[in-house]
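Participant: This is what each chain is made of:
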Amino acid sequence: MTARNPASALGNHMKALRAQRKLTQADLADAVGVTRKTVNTVENQVFIPSTLLALKFAQALGVNVDELFYLEDMDTPGD
Amino acid sequence: MMEKLLRRRTSMLWFALIGFSLWQGAIVAAELYPQWDRASDFVQAPGMVIFGMAMLRLAQLSHSIKKPDVASVLNDELTQLLRFKAFYFSYLVLGGTVGLLVGLSPFIEFRPEIILRILLVTAVIVPLASFVWLDHKAGAET
Numbered sequence: 017m018t019a020r021n022p023a024s025a026l027g028n029h030m031k032a033l034r035a036q037r038k039l040t041q042a043d044l045a046d047a048v049g050v051t052r053k054t055v056n057t058v059e060n061q062v063f064i065p066s067t068l069l070a071l072k073f074a075q076a077l078g079v080n081v082d083e084l085f086y087l088e089d090m091d092t093p094g095d
Numbered sequence: 542m543m544e545k546l547l548r549r550r551t552s553m554l555w556f557a558l559i560g561f562s563l564w565q566g567a568i569v570a571a572e573l574y575p576q577w578d579r580a581s582d583f584v585q586a587p588g589m590v591i592f593g594m595a596m597l598r599l600a601q602l603s604h605s606i607k608k609p610d611v612a613s614v615l616n617d618e619l620t621q622l623l624r625f626k627a628f629y630f631s632y633l634v635l636g637g638t639v640g641l642l643v644g645l646s647p648f649i650e651f652r653p654e655i656i657l658r659i660l661l662v663t664a665v666i667v668p669l670a671s672f673v674w675l676d677h678k679a680g681a682e683t
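Going line by line, the protein sequences match chains P and L. For the first sequence, the positions run 17 to 95 when the numbering used here is used. For the second sequence, the positions run 542 to 683 when the numbering used here is used.
No incorrect hints appear here.
One-sided and incomplete, this derived list gives chain L residues near chain P with beta-carbon spacing under 8 Å:
hint, residue
1, Met543
2, Glu544
3, Leu547
4, Asp610
5, Ser613
6, Val614
7, Asp617
8, Glu618
9, Leu619
10, Thr620
11, Leu622
12, Ala679
13, Gly680
Lysine-lysine pairs mimicking DSBU-like chemistry, simulated, CA-CA at most 35 Å apart:
hint, chain 1, residue 1, chain 2, residue 2
14, P, Lys72, L, Lys678
15, P, Lys72, L, Lys608
16, P, Lys72, P, Lys38
Note that these hints are calculated values from the structure, not bench results. Just so it is clear, CB atoms sit at the ideal spot from N, CA and C, and this is done for glycine as well.
Chain L on its own, in the form it takes in the complex (with noise of 0.2 Å):
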């Protein structure tokens, strides 16, 4: 029952990254390169979608685990690390991200709105990205 879980968890978070990806991604090719503005709206719908029936099960996922042991098993002392890793290297790549944009910034002219694009999509796909790769790794490691 708890591999089962945890696969749940799993394919829920890849189908959320893929999903935000392709949505957002959509967005902020569009904004950098105009001319794909019109295939750009093609994607975005489904990567919109994606993400939000993802984001969905995991809700309903969580709201349907009620005894407290199976909820403390997901969440044990290897899950709390993975997820601190994930988020303390986002932070890395949220700084560089930060770094490059500035570095950039003498040479292009960047909006506002597309800034803001730009770290709202790295703060969310690199700990998504981060997870599941380490998740990954520590169950490959038999």
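Chain P extracted, bound-state conformation (with noise of 0.2 Å):
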């Protein structure tokens, strides 16, 4: 058994979702409080935001949170 990276653990679909609402990352950024470089690592899987913060995304995006971030070893939503 491999123990897994849990930074690597945590998808998320932002930049699809961002991209479908033609919000670019710094549109999002000022929506949500935070700077460009976050919803960039973000996006990337590099950091992970904490509970609030993907509440706050998922509220600037107009979608549940758990249609935002999902677990990678998990059935994603709608996939």
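Assembling the complex is the task here: the two chains are given apart, and the hints tell you how they should meet.
Facilitator: Structure, rendered in structure tokens:
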């Protein structure tokens, strides 16, 4: 059994949802109250946001938090 | 506006890093190699000025941010994480530096002043450099 890196276990659909809404990383960052780098690192799964920040991202994109984030070793909603 | 403030903060951190490295690095170099004493004086002064100016501009920047929402963006979760990582890495480097100095002490006679200065340089430069590098890396992964 191989140990999984917890940092890579949380996937997200942020990039796709942001593109659907025609938002730039800077637009989303402004809406949530973080820097563009934070949006960038969350999208690239470099940084795992807190529950509060995850909820804010979901709210800004108009989806539920489980539609935005998923565990990579589980079936993703809609897949 | 936020991007501009972030760029200003990053450039001030760069100037602080360069200034402090020149200023204190020249002093340490002169202590270790006395023949560099005169050359060190020419490097110390501009280094001190650059560091002082950078600190002043950083203080001005933090005073100019009156709105709490702007301040919270500049200190968001990612920034806090990067700062924590930078300090943690610096703690390890500082421990390594102390270990190295202890290991070298039977062979090289260090004056207490130079030991303190080496530790000061490590304690200031490593967290600054690590934060700037981590912050740059966070922005680069698009």
